[in-house]
Amino acid sequence: MGYCPNTPDDIRQMLEVIGASSVEELFAPIPAGLRAKSFDLPPGMSELELMRLMREKAASSGADITPFIGGGIYDHFIPAAVDHLASRAEFYTAYTPYQPECSQGTLQALYEYQSTICRLTGMEASNASLYDGGTAVAEAALMSLRITGRHKVLLDASVNPLHREIVNEYLHGLSAQAVEVAPQGCASDLKRLMDSIDDQTAAVIVQTPNCFGSVQDFRELANKAHEHDALLIVSCYPIALGLVASPGEMGADIAVGDGQSLGNHLSFGGPYFGFIATRKRFIRNLPGRIVGETIDHQGRRGYVLTLQAREQHIKRHKATSNICSNQSLCALRGLIFCAALGQKGFGELAALNYDKAQYAKTVLTSIKGVELLNSGATFNEFTLILPRDAAEVVQQLLDKGVAAGLPLGGYYPGMERALVVTVTEKRTKEEIDRLAVLLEEVLWS
Amino acid sequence: MELIFEKSVSGRAGVRVPMSDVPKAAPLPDALRREDQVRLPEVSELDLVRHYTNLSRRNFSVDTNFYPLGSCTMKYNTKVTENAGGLFASCHPVLALLPGGEALVQGPLSLIHGLERQLAEITGMAEVTTQPLAGAHGEMTGIMVIAAYHKARGDNKRKYVIVPDSSHGTNPASAAMAGYEIVTVPTAPYGDMDLDLYREAMNDEVAAVMLTCPNTLGLFNPHIAEICAIAHETGALTYYDGANLNAILGKVRPGDVGFDVIHVNLHKTFGTPHGGGGPGSGPVGVTQSLIPYLPTPRVVRKEDGSFSVEDHPEGIGRVSDFFGNFGIMVRAYAYIALLGREGLIEVSEQAVLNANYMMARLKEEFELPFDQTCMHECVFSASRQLQNGVHAIDVAKYLIDRGFHPPTVYFPLNVKEAIMIEPTETESKQTMDAFIEVMLEAARLARENPQRLHEAPVTMPVGRLDETRAARAQQVCCE
Numbered sequence: 000m001g002y003c004p005n006t007p008d009d010i011r012q013m014l015e016v017i018g019a020s021s022v023e024e025l026f027a028p029i030p031a032g033l034r035a036k037s038f039d040l041p042p043g044m045s046e047l048e049l050m051r052l053m054r055e056k057a058a059s060s061g062a063d064i065t066p067f068i069g070g071g072i073y074d075h076f077i078p079a080a081v082d083h084l085a086s087r088a089e090f091y092t093a094y095t096p097y098q099p100e101c102s103q104g105t106l107q108a109l110y111e112y113q114s115t116i117c118r119l120t121g122m123e124a125s126n127a128s129l130y131d132g133g134t135a136v137a138e139a140a141l142m143s144l145r146i147t148g149r150h151k152v153l154l155d156a157s158v159n160p161l162h163r164e165i166v167n168e169y170l171h172g173l174s175a176q177a178v179e180v181a182p183q184g185c186a187s188d189l190k191r192l193m194d195s196i197d198d199q200t201a202a203v204i205v206q207t208p209n210c211f212g213s214v215q216d217f218r219e220l221a222n223k224a225h226e227h228d229a230l231l232i233v234s235c236y237p238i239a240l241g242l243v244a245s246p247g248e249m250g251a252d253i254a255v256g257d258g259q260s261l262g263n264h265l266s267f268g269g270p271y272f273g274f275i276a277t278r279k280r281f282i283r284n285l286p287g288r289i290v291g292e293t294i295d296h297q298g299r300r301g302y303v304l305t306l307q308a309r310e311q312h313i314k315r316h317k318a319t320s321n322i323c324s325n326q327s328l329c330a331l332r333g334l335i336f337c338a339a340l341g342q343k344g345f346g347e348l349a350a351l352n353y354d355k356a357q358y359a360k361t362v363l364t365s366i367k368g369v370e371l372l373n374s375g376a377t378f379n380e381f382t383l384i385l386p387r388d389a390a391e392v393v394q395q396l397l398d399k400g401v402a403a404g405l406p407l408g409g410y411y412p413g414m415e416r417a418l419v420v421t422v423t424e425k426r427t428k429e430e431i432d433r434l435a436v437l438l439e440e441v442l443w444s
Numbered sequence: 000m001e002l003i004f005e006k007s008v009s010g011r012a013g014v015r016v017p018m019s020d021v022p023k024a025a026p027l028p029d030a031l032r033r034e035d036q037v038r039l040p041e042v043s044e045l046d047l048v049r050h051y052t053n054l055s056r057r058n059f060s061v062d063t064n065f066y067p068l069g070s071c072t073m074k075y076n077t078k079v080t081e082n083a084g085g086l087f088a089s090c091h092p093v094l095a096l097l098p099g100g101e102a103l104v105q106g107p108l109s110l111i112h113g114l115e116r117q118l119a120e121i122t123g124m125a126e127v128t129t130q131p132l133a134g135a136h137g138e139m140t141g142i143m144v145i146a147a148y149h150k151a152r153g154d155n156k157r158k159y160v161i162v163p164d165s166s167h168g169t170n171p172a173s174a175a176m177a178g179y180e181i182v183t184v185p186t187a188p189y190g191d192m193d194l195d196l197y198r199e200a201m202n203d204e205v206a207a208v209m210l211t212c213p214n215t216l217g218l219f220n221p222h223i224a225e226i227c228a229i230a231h232e233t234g235a236l237t238y239y240d241g242a243n244l245n246a247i248l249g250k251v252r253p254g255d256v257g258f259d260v261i262h263v264n265l266h267k268t269f270g271t272p273h274g275g276g277g278p279g280s281g282p283v284g285v286t287q288s289l290i291p292y293l294p295t296p297r298v299v300r301k302e303d304g305s306f307s308v309e310d311h312p313e314g315i316g317r318v319s320d321f322f323g324n325f326g327i328m329v330r331a332y333a334y335i336a337l338l339g340r341e342g343l344i345e346v347s348e349q350a351v352l353n354a355n356y357m358m359a360r361l362k363e364e365f366e367l368p369f370d371q372t373c374m375h376e377c378v379f380s381a382s383r384q385l386q387n388g389v390h391a392i393d394v395a396k397y398l399i400d401r402g403f404h405p406p407t408v409y410f411p412l413n414v415k416e417a418i419m420i421e422p423t424e425t426e427s428k429q430t431m432d433a434f435i436e437v438m439l440e441a442a443r444l445a446r447e448n449p450q451r452l453h454e455a456p457v458t459m460p461v462g463r464l465d466e467t468r469a470a471r472a473q474q475v476c477c478e
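Chains as they are written, first to last, in numbering that gives the first Met the number 0: chain P, 0 to 444; chain W, 0 to 478.
One or more of the hints may lead you astray.
Said to hold, decoys possible - Here are the simulated DSBU-like pairs of lysine-lysine, each with C-alpha atoms no more than 35 Å apart in a straight line: (1) P:343 / W:6; (2) W:150 / P:151; (3) P:151 / W:156; (4) P:343 / W:23; (5) W:78 / W:250; (6) P:190 / P:223; (7) P:314 / W:150; (8) P:36 / W:250; (9) W:150 / P:317; (10) W:23 / P:367.
Since the hints were derived computationally from the structure, they do not count as laboratory data. Values in this document were obtained by computation on a predicted structure and should not be read as measured data.
Using the sequences and the accompanying hints, generate a full structural model.
Dropping the structure here:
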């Protein structure tokens, strides 16, 4: 029942060795008054019954909806090899590689992962993963406070609203402050961000592409931040980095993001992984586990968890973060995804996303009354202004089997007619054309 | 083994990218374009598969080796729950946030609600949130809930959190991230937090005390209810770190004992795989009076039996992007349903039986600092072996050579040369006997041939690695 293999005979022999007359006797150290008052759970079931129950639940999970939604989480193609390799039990039933000699598989994979993240983001040092995109932005904000000794970050309000909520939540208890700077239209208000940087600013946090889909040049912003010894934190969408300038090229000091789009299933919100990478000089301020290269006594190359003196199991309340378990297996999926596509394939995939979104832009803005709000470049998302309330329109289109986009009214008061449409490589021309037909129908007939 | 990057051959193609069915668009402006392609490896699919398959073979894992890693509960990860976890792969979380979208995702919402109810019953708490993404994240969330509770009562003077010196490092680290100063109470000679020193440390400036029960020595603290009462007298709250919940399933519920906030590690007690270090999942449970402060959003069951996602306006806000590590939650929900009431009780009983058997058989050779009935794990010291210059780490490395993953060593910090063994309920007497034989052999070698232990491991792809060199070189990615 509980996957417990001991037979009654085993149990009898073991009790004899222990010198106890029953298993219950082993619970004698628990005072009688502390025993469970209730444990009201149904009886167990067989695998067959369990899977019947689970399939019933999975049947109502929106699997037949065509998604043109993103919100930081994207419906991308996952090469079959990712599932197969990440399902190797030697990977998924292992634990944290505290004993490096019998964990070289996980450790080398994480070292390759860190290398991949550095190459994607144009940074010099990555950790072995964080929880998700939102907590990664929050950890980056905390990291900037540690590095600068300051207590304020400037938070561009075109950063994912869910991520901003998490940043505020993390800073709240520490008497630190996130000052939000409203975007202008669909773009970060670079001038106001630059004017707002002062000698109390630990970091400026921006996102590329931002939550409206816009891609901007942050080089000047980086210079301005550095003039004030503040940092630039860029949250990024890794698939976009196959095409769009990396945080490193933009002058960022810390790059973060959600790694879901790299080979992790949508899975109703997780597990995904967060990534964080930085300049080598800030490596000791990184949160979480880091894998480093070294050698054994015979000079053979190997990998270990390193710089552990930053971490909670050594530094306790003075650690750079409380994080212990991370999202190792999801990071492994990210690594295998990148390696499967390879240098050329990764760029092609990004370009395909860009092309499809550009096509969708053209088709959708040819509908009467539908306008594009982004004034500059976008990647695979863009923001439309509809002739009426976007939430209503989305709801009507859901009934027709299409999730047309994310309405922004709930996150940006005054933007009730705005809709962010996401087009990944998985959306076919036919699906895009159908979206246009349905949208036009809902709007005008 | 070479790195995947070292196997790269320029021009070699990997997985084929989908064909385009739309026109090529005008390029991005130069300033926004990436200068060069991302320097990813160029390998064939077979190269890729061989590389990671062979890498995986350089790991010990539960499916290949006994893994008695204390405080980590490395139990067998049932395969049917893995299958269940995959059923929701294509469900987009943003669907639930769309107007009218909740109706489309009733399955996953009912599952979240169901898991919350299962965990509330198992732990004796009123409500549970599944949003925290790991144990430490649950701790931080729980302490934030406690902070919000005090603040809502206008009780602004509380700035300390008490932890025992034997606690997991995450406890003080999490409380610090929630803005608290830490007071550490030493362990008394009897193995638990010193009750007198705790009483002295407790006052009306303390927000909470964080405890693990059974504690990190694997012992059930008989004063646990008193500890809770002392906190409550001053208005402080009590936090239960659920790392060791496996020991007491169906026997004790933290809520009944007097704990106000708990977290559980689904990847320990509820059999979800550890993934080489994660993903975990750290749901948090609270008593009735703390429900208002749980993070937003909440999955609510409506009168008509359907489920909705609702804002939780008085709550602490959002601690993760969506509903938690949902795929892990599916596996835990399925595990609880699979085992049922009797199965879960069997888990704690057999886990405790196995640990006591291990303790009884090993204490002849290994020093047992606290010789009393243990719960799910037992902590030895290699102090006798140290007389021959053999450390806990030497014993651990020898075990690797004999095909066993070592126990946790050097934790808890209050036991010198600690060796912490947690067999879990899914191991058989025969497997444990084999492990015990090797431990006894190590003890013999410590007397007769300590050099053999110092040299271990000799059967792995690498021997002991130079950690100082790694820390100094800071080589964390390849050029």
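Comparing the hints with the structure gives:
Proposed proximity of residue 343 (chain P) and residue 6 (chain W) is supported: the alpha carbons are some 16 Å apart, at most 35 Å. Of the supplied pair hints, the one linking residue 150 (chain W) and residue 151 (chain P) holds, its CA atoms being roughly 22 Å apart against a limit of 35 Å. Our distance criterion of 35 Å between C-alpha atoms is met by residue 151 (chain P) and residue 156 (chain W), whose separation comes to about 24 Å. For the proposed pair residue 343 (chain P) and residue 23 (chain W), the alpha carbon gap of about 17 Å is at most 35 Å, so the pair holds.
A C-alpha spacing of about 27 Å is found between residue 78 (chain W) and residue 250 (chain W), which places the hinted pair at or below 35 Å, so the restraint holds. Proposed proximity of residue 190 (chain P) and residue 223 (chain P) is supported: the alpha carbons are some 10 Å apart, at most 35 Å. Between residue 314 (chain P) and residue 150 (chain W) the CA atoms are separated by roughly 28 Å; this keeps the pair inside 35 Å, and the hint holds. The straight-line distance between the Cα atoms of residue 36 (chain P) and residue 250 (chain W) is roughly 9 Å, inside the 35 Å bound, and the hint therefore holds.
For the suggested pair residue 150 (chain W) and residue 317 (chain P), the alpha carbons sit about 24 Å apart, so the restraint of at most 35 Å is met. Restraint check: the Cα-Cα separation between residue 23 (chain W) and residue 367 (chain P) comes to about 25 Å, which is no more than 35 Å; the hinted pair holds.
In summary, this structure violates none of the numbered hints.
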